[in-house]
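Q: Here's the letter readout for the chains.
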Amino acid sequence: DAKTTQPTSMDCAEGRAANLPCNHSTISGNEYVYWYRQIHSQGPQYIIHGLKNNETNEMASLIITEDRKSSTLILPHATLRDTAVYYCIVRVDQGAQKLVFGQGTRLTINP
Amino acid sequence: DTAVSQTPKYLVTQMGNDKSIKCEQNLGHDTMYWYKQDSKKFLKIMFSYNNKELIINETVPNRFSPKSPDKAHLNLHINSLELGDSAVYFCASSLTSGRAYEQFFGPGTRLTVL
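Chains as they are written, first to last, in the numbering used here: chain A, -13 to 97; chain B, 0 to 113.
Chain A with its partners taken away, still in its complex shape (with noise of 0.2 angstroms):
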């Protein structure tokens, strides 16, 4: 699986839009991009993933450049339950596979 960069940490105005962004110049064709975040002491969620379109789901939309070596997670209207620590995950889509975590962004949302 590729590797992927992201910032340690990231702050935000609780309201306005949170963007996370996520290197993974190493991607291969046929990997996907994935986003969890995992909220204090509870376990990672899923959030939302792609191949190459731009995607949007009730949680947030997720932007990958045409080159695919980086994408972005937003989130429109970040809230205070938002903070949470963010990892982009890069790995094929074939059928059940492990997720290989990295340090991830630790998204503070300020009120």
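Just to be clear, a hint being listed does not mean it is correct.
Stated by the list, open to error - Only pairs whose alpha carbons sit at most 30 angstroms apart, straight line, appear in this in silico DSS-like list of lysine-lysine:
#, chain 1, residue 1, chain 2, residue 2
1, A, Lys84, B, Lys66
2, B, Lys21, A, Lys84
3, B, Lys35, A, Lys(-11)
4, B, Lys39, A, Lys55
5, B, Lys43, A, Lys84
6, A, Lys84, B, Lys8
7, B, Lys40, B, Lys21
8, B, Lys40, A, Lys55
9, A, Lys55, B, Lys43
10, A, Lys(-11), B, Lys39
11, B, Lys51, B, Lys21
12, B, Lys43, A, Lys(-11)
13, A, Lys84, B, Lys39
14, A, Lys38, B, Lys43
15, A, Lys84, B, Lys18
16, B, Lys51, B, Lys18
17, A, Lys55, B, Lys35
Keep in mind that the hints were calculated from the coordinates and are not lab data. Keep in mind it's a predicted model, so treat the numbers as computed, not measured.
Following the hints, position chain B against chain A.
A: Positioned in the frame of chain A, the structure of chain B alone reads:
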């Protein structure tokens, strides 16, 4: 309704003891996992079972023995506990096809070895 549940939530024990952690999922998934999150907060896969068969074993000491009596359960038994086993253990489950991209995690079991 709880999707992935683990018992116990907290486990404090002495070095050398044997302990078990239980995991159950009611999502109808066919694959289950154990992950370990150490004191530095790194999450690492330990095992994965698909339809009661071991498919991933990430070089975990053989003191750790997963057991899957059926698709809905994956238990983790640890023999001769060591200080370094102290961590939070997360169980997860997913499908193998269709929405296989989404893994659902349990609340974790915090194991403390004294």
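Q: Does each hint hold? Answer for all of them.
A: Hint check results:
1. Lys84(A) / Lys66(B): Measuring from Cα to Cα gives roughly 18 angstroms; hence the hint holds.
2. Lys21(B) / Lys84(A): Holds - the C-alpha atoms of Lys84(A) and Lys21(B) are around 20 angstroms apart, at most 30 angstroms.
3. Lys35(B) / Lys(-11)(A): Given that 30 angstroms is the threshold and the Cα spacing comes to 20 angstroms, the pair holds.
4. Lys39(B) / Lys55(A): holds, 28 angstroms
5. Lys43(B) / Lys84(A): Distance of about 9 angstroms is within 30 angstroms: holds.
6. Lys84(A) / Lys8(B): With a Cα-Cα distance of about 23 angstroms, the restraint between Lys84(A) and Lys8(B) holds, given a limit of 30 angstroms.
7. Lys40(B) / Lys21(B): holds, 22 angstroms
8. Lys40(B) / Lys55(A): Holds, at about 26 angstroms.
9. Lys55(A) / Lys43(B): Roughly 24 angstroms separates the two Cα atoms, so the pair holds.
10. Lys(-11)(A) / Lys39(B): holds, 19 angstroms
11. Lys51(B) / Lys21(B): The hint holds at about 15 angstroms.
12. Lys43(B) / Lys(-11)(A): Since the Cα atoms of Lys43(B) and Lys(-11)(A) sit roughly 15 angstroms apart, the hinted pair holds (cutoff 30 angstroms).
13. Lys84(A) / Lys39(B): Holds, at roughly 20 angstroms.
14. Lys38(A) / Lys43(B): Satisfied, since the Cα-Cα distance of roughly 27 angstroms is no more than 30 angstroms.
15. Lys84(A) / Lys18(B): holds, 25 angstroms
16. Lys51(B) / Lys18(B): Between Lys51(B) and Lys18(B) the Cα gap is close to 21 angstroms, so the pair holds against 30 angstroms.
17. Lys55(A) / Lys35(B): holds, 29 angstroms
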